[in-house]
Each structure stands twice: as C-alpha cells, then as structure tokens.
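Quick mapping for you: the protein sequence lines, in order, are chains C, W and L.
Under the working numbering, think of the first position of the first sequence as 18, with each following residue one higher.
Under the working numbering, think of the first position of the second sequence as 165, with each following residue one higher.
Under the working numbering, think of the first position of the third sequence as 1201, with each following residue one higher.
Just so you know, these hints were derived from the structure itself, not from any lab.
Note that the structure is a prediction, hence the values are computed from the model and not measured.
Be a bit skeptical, because a hint or two may be false.
Result set (EDC-like, lysine to aspartate or glutamate): computed pairs, CA atoms no more than 16 Å apart in a straight line [claimed, not checked]:
no., chain 1, residue 1, chain 2, residue 2
1, C, K22, W, D211
2, C, K22, W, E197
3, W, K169, W, D232
4, W, K173, C, E162
5, C, K22, W, E171
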Amino acid sequence: MAITKQIPDTIFAANSFCPGCGHGIVIRLIAEVLDEMDLSDRTIGVLAVGCSCLVNRTLAVDLMQSAHGRATAAAAGIKRTRPGNLVFTYQGDGDAISIGIAETLYSAQRDEKITQIIVNNGVFGMTGGQMSPTTLVGQRTATSEKGRNSEINGDPVNIMKLLSQFNTAYLARGSVHDAANILKTKQYIRTAFELQMRGEGFTCVEVISPCPTNWHMTPDQAVERIANEVLEVYPLGEFVKGEHQK
Amino acid sequence: MLMSKIELKTENCKGCGNCIRNCRFEALAFNNEVNAKGYRIVTVDRDKCVGCGMCYTVCPDYVFSIED
Amino acid sequence: MKKLMKGNYALAEGAIRAGCRLFAGYPITPQTEILEYLSSHMAEAGGTFVQTESELAGINMVIGAAAAGARAMTSSSGPGFSLKQEGISYLSSMEVPAVIVDVMRYGIGLGNVVLGQADYFQVTKGGGHGGYKVPVYAPASVQENADFVFKAFDTAEAYRTPVIILSDAAIGQMMGSVELPDPIEHDINKFDWTLKGRDARHPTGRKMTDVIYYDYAFDDYDPHIRARYAKMHDELQEWEEVETEDAELLMVAYGISSRVCKEAVRLARGEGIKAGLLRPITLWPFPEKAMTKFNGRIKGYLSVEMNACGQMVEDVALHAGGTKVYSDPTGRKVADSEDLVALIKDILAGKIEEVF
Chain C
18 MAITKQIPDT
28 IFAANSFCPG
38 CGHGIVIRLI
48 AEVLDEMDLS
58 DRTIGVLAVG
68 CSCLVNRTLA
78 VDLMQSAHGR
88 ATAAAAGIKR
98 TRPGNLVFTY
108 QGDGDAISIG
118 IAETLYSAQR
128 DEKITQIIVN
138 NGVFGMTGGQ
148 MSPTTLVGQR
158 TATSEKGRNS
168 EINGDPVNIM
178 KLLSQFNTAY
188 LARGSVHDAA
198 NILKTKQYIR
208 TAFELQMRGE
218 GFTCVEVISP
228 CPTNWHMTPD
238 QAVERIANEV
248 LEVYPLGEFV
258 KGEHQK
Chain W
165 MLMSKIELKT
175 ENCKGCGNCI
185 RNCRFEALAF
195 NNEVNAKGYR
205 IVTVDRDKCV
215 GCGMCYTVCP
225 DYVFSIED
Chain L
1201 MKKLMKGNYA
1211 LAEGAIRAGC
1221 RLFAGYPITP
1231 QTEILEYLSS
1241 HMAEAGGTFV
1251 QTESELAGIN
1261 MVIGAAAAGA
1271 RAMTSSSGPG
1281 FSLKQEGISY
1291 LSSMEVPAVI
1301 VDVMRYGIGL
1311 GNVVLGQADY
1321 FQVTKGGGHG
1331 GYKVPVYAPA
1341 SVQENADFVF
1351 KAFDTAEAYR
1361 TPVIILSDAA
1371 IGQMMGSVEL
1381 PDPIEHDINK
1391 FDWTLKGRDA
1401 RHPTGRKMTD
1411 VIYYDYAFDD
1421 YDPHIRARYA
1431 KMHDELQEWE
1441 EVETEDAELL
1451 MVAYGISSRV
1461 CKEAVRLARG
1471 EGIKAGLLRP
1481 ITLWPFPEKA
1491 MTKFNGRIKG
1501 YLSVEMNACG
1511 QMVEDVALHA
1521 GGTKVYSDPT
1531 GRKVADSEDL
1541 VALIKDILAG
1551 KIEEVF
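Chain C on its own, in the form it takes in the complex (with noise of 0.2 Å):
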C-alpha cells in the first residue's frame, strides 16, 4: 500500500503551541483539506483571541485576527463581502462559546456561509487555564480550584445542542485525541468546507482537543481524559448533515 504522508504546502513555519497541544493537529488538517481541495489561493481565515492567534505564524492564507468572540460577526462581514472565498473561523472555545455566544448563534441564526471551527479544550489556555463555558464539572482550573462546582457555575455548555436549534448545514463534533478520531476530525472538516463551498448555509465543526499545559497532565494522560471523561460529556459525530432546509 502507497502512503505518501507530507507536511502540507499551506503550513509555512512550525507552530508555536504547547507540547502536546490539540491545536497543531487541527491546522494540520485544515490545511490538508484546502491543499487537498486545492482552496488555499481563495481562502480567508478568521482567528479569535487567545492561542489560535498563533495560527497566524504557521498557516499560509490570508488570515485577519478578530476582537475576542467576534470572530464569527467578522467572517460573516467577510463572506458577504467575498461570496466566491472560502470563510471560516478558528476559535477556541472561551472565545466561540463565552465571550462570542451571542455571535456564535446568530451566525447560525442567519444561516452565514461560513465554517466555523471552535477548538474546545474546556479551558482559557493562553490566560493561563481558567475555567471556561465547557469545563468539566469537577474539573480543577485557576478559577475553580476546588473544581467546577454546578452549583456556583452551572453545567457545561453543549454547543452542538444549542446550535442544533438553528436551520444550519452542518454541525459536526469531532476530537484528535487519537488516530482515529483525527482522521474522522478531517472529513468532519472537509465536509464543512464542500457544503459551503456549494453556498449551502452555515457550518460548524467543534473540535476536542488535548490542553496538556493547563490540565497539568503529561500529553499522554491529557489524551487518556479525553477518552475516559470528556467524550461522556461531549460526544462526537455528526448532528446536522443534509437536513438543511433553504
């Protein structure tokens, strides 16, 4: 059997993350799929505050940084703008799901033709690993040293569900803390990029993703969380796919 396994083209420099960190994996197969759909030359990005702005110095397209959670309201501007580009965000999930619900929803609200990616470690990772909207219960953070605790901060937030309320094109879940689920993870992806390329309405892939660093765990046992505790609170698959209604 012929594998041929390349760096992509449209990763320029080696990126700046953590060891360990989720993040690289995800713009690895962001820019696979655009190599792979050959997208690069007409693709705009939209990154968030917080580590994705580091995607700026490894992933070779046009990107713009957005305020914190306006990244979605941007994009939007963007692919109204540019209707022919392919648009998309890169959010983590402190940035999408706190500070931006409100542009995170109406976006889908709207049906925007846009791919929105929210890279969902449950925590603020580049503040330091305070405690985000989808924090485990339990989970220990520099805000919830005790752990999170339902009672003071409420549940996590299950993005999925609260896009699923929204006539949207597609809504996928998707984690890269194994083989497996990465290669799931980037047809998750490419398929949120064809159907916007085919101006079928607003897209969104979440994406679990290991925070070694914040989590205060070896890379291998953040991994080993994500399988054991947070796939139980967020599981993966495809929500939205074909059911859009236009």
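Keeping the supplied structure of chain C fixed, place chains W and L upon it in accordance with the hints.
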C-alpha cells in the same frame, strides 16, 4: 523488509510522545538529543518502520514526512 | 436637482452613493432612520444590510467587510456608540478603513433620546483602548450629512483608518434640501492589502492583525504610530469661518450649535458687535491652524455646545495660546441666538469670567 522513506524534521519536535505511543511497530523512541528549542526529540529505527503514517497523523508539530 | 430629505436619510443615501455596500447596525434613537433607509435601499444597490444582534456584532461585521475590501459602514448613538469603541480600536490597529456614524443624543448612561452633543469626548479622544486617533467630521446640515460620507470614505482609504461622522439628533432629524452627489462604484480589489486569498505577492497569505502582536521584530511600531497620527493631524484639519476677519469674539461651535451661532453672528453684527464663528469641520484633528490666526488678536473664544459641562471647550482652551476662553454648555437646550448675543455683550463688557 519494507524500507519506507520516513523523514524527520526534528527541529519541529516538542517531545510530546504522541508518535511513540501510537507506533504499533515500536519504531520510534526518544533518544538523549535535545533540539534547538530545548525539547527531547524522537528518533526512528528504520529497520522497524513500515511507513504506515500513524506518526504523521498524531503529530501536532509537522515532524514526519513519509514517501512510499 | 435638489431634494427635500431628512438628515439621516440623506446620510444613508450618501453612503450608498459613496459606494458603501455593507451596512451592519442596531436600532437606537436618534440614528434609526439610517438603519431603516438602508434596510430597503441597500439591497437595491446590490449591497448587504444586516440588522445585527448587537452593536458589537455590527462593528465587527463592518471590520470583516472592510478588511475584505468593501466600503462598509455602521451607525449608532450614545450608549450604542460606546459599544463600537473596541472595534474602532481594532480598525485603527489593523489600519483598515471604515466609516462609523454617531448621531448624538443626550446624557450619561442611558441618557435620553433628546437633542444633544454629548459624545465629543468619546469620539474625539480615541474612546477605545490604546491611544489611537480617529478623524472626525461634524456635519451641520442635511447637505453635509450626504457629502461627508464621501469625504469620510476618501479619508479612511487615503490614511487607512476608521473615520467617524459625528452628526447629532437635530441634524439627523431635520428636513432640508440636498443636492445628492453622483454615485460612484467602489472596486473591492482596489487595494492589494485587502483580504482576498493569497497570491504571488503574499505566498504565505496576508496577516491582518495588530503589527505589534504578529511581528515582534517590528521595532518601528511606536515611530510608525507617531508618524501616522502626525500626518493626519497636519493634513486633515478643516473648518469654516464666518465673519472672522475683524472679530473681537469668536464663537466656536459645530453641528446644530454652529447653526444657531451663525444666526447669532448675524444678529450681533446688526447691533454693531464684532462677533464671528469658527466652525470646526474636523473635530479631530481640531482646527488649531485656524486658531493660531486669531490667538492674541481677539478678546476671547466662546465655546458653545449641547452638553452639561462642556467638552469641546477643553480643545479650544488647549489651542487658544493664552487667549481667554468662555464656555456656554447649553445642556439639553438648543442654544438660542438672542441669548448668545446677550452673553457676547456681557463677555465683551467684562461681566463674565473665563473658564480657561
């Protein structure tokens, strides 16, 4: 024995160990080298590597290229 | 051919004619007619109108559209404009041209929808974070509401900066005759730097972000910022003078207040009082070049504006070079021309104390 053409860009490696953990052929291991970024880096035993590409898939740091 | 139009409608129609093809905004009195007009007319012009979920989404949609090369605009007032400030800071940092309209209302907090000029500070002083400046045009008629959108987009593109049009409730709500400018088409590919997909000149893609964040090697950041604002400061000052040549006292006023001051000049001159008016058209940069002509030669400046404590008066004082500065913040009341003449008489008679 299959001789795959695996190439390692060890200057990108951050020593996370994803590749070692996922290699079914036990072809990858840390050695005692440290790259310019200060990370312990991975090396390949070319006699054991079959070029399956698993390391490429799980690597967050664009270290591996494989050509059949 | 002249038409009779409401100020806010003239501004909205001016935007379409200036090639604006994306408007994203949120209702707030007294700017809502801009939103309403564009909700029906933008589509006819082949553009996009979006009533967003918030002012935040509105300004950020404008950022995206402008970054992608469109002429894009949003508008708001008072409390809603406060919410735009973060986005204006981002536009300034990214050096992306866009036009933001503030049809001012009155008061602090929610304030009130009544006439006012309460946003001078937040509009002219870089109301968001970081210490940027934004060119600010202050229309004083329905005609200028239409014309200044063209001026604002041209300045925005020439200097790659957001530009604010500081209108007010009176100018926005009044009916007036307007000669609408001829429409122009804007090419979204006019500039190389806009986001459109990478090309041979940008093989790794354009990176539109804060230079200080992306490129740590950018040692010239501070000199660059200083030079950028110094150039705007030197090149953009605009003002109108009314009966200034022999004036002993110059009123300084913009927007609705300047219209009353014009009438006050006429009344004062009728009584032989040498009053004049300096009307800033740009509030930043403040027309200090005009003031240097009069400093030391007149008996004083009288700043007239519709807010509680006086805001613009501080800029007048800053550039008065020791000439006395008097302040008449008229609060919720539109200035009255006869009251102004009486005040001018009192000032010239030495009965009123200067504030600076």
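So, going through the hints one by one against the coordinates:
1. For the proposed pair K22 of chain C and D211 of chain W, the alpha carbon gap of about 19 Å is over 16 Å, so the pair is violated.
2. Only pairs whose Cα atoms come within 16 Å are accepted, and K22 of chain C paired with E197 of chain W is rejected, the gap being roughly 25 Å.
3. Between K169 of chain W and D232 of chain W the alpha-carbon distance is near 6 Å, which keeps this suggested pair within the 16 Å criterion.
4. At most 16 Å may separate the alpha-carbon atoms for a hinted pair to count; K173 of chain W and E162 of chain C exceed this at roughly 39 Å.
5. Our distance criterion of 16 Å between C-alpha atoms is met by K22 of chain C and E171 of chain W, whose separation comes to about 10 Å.
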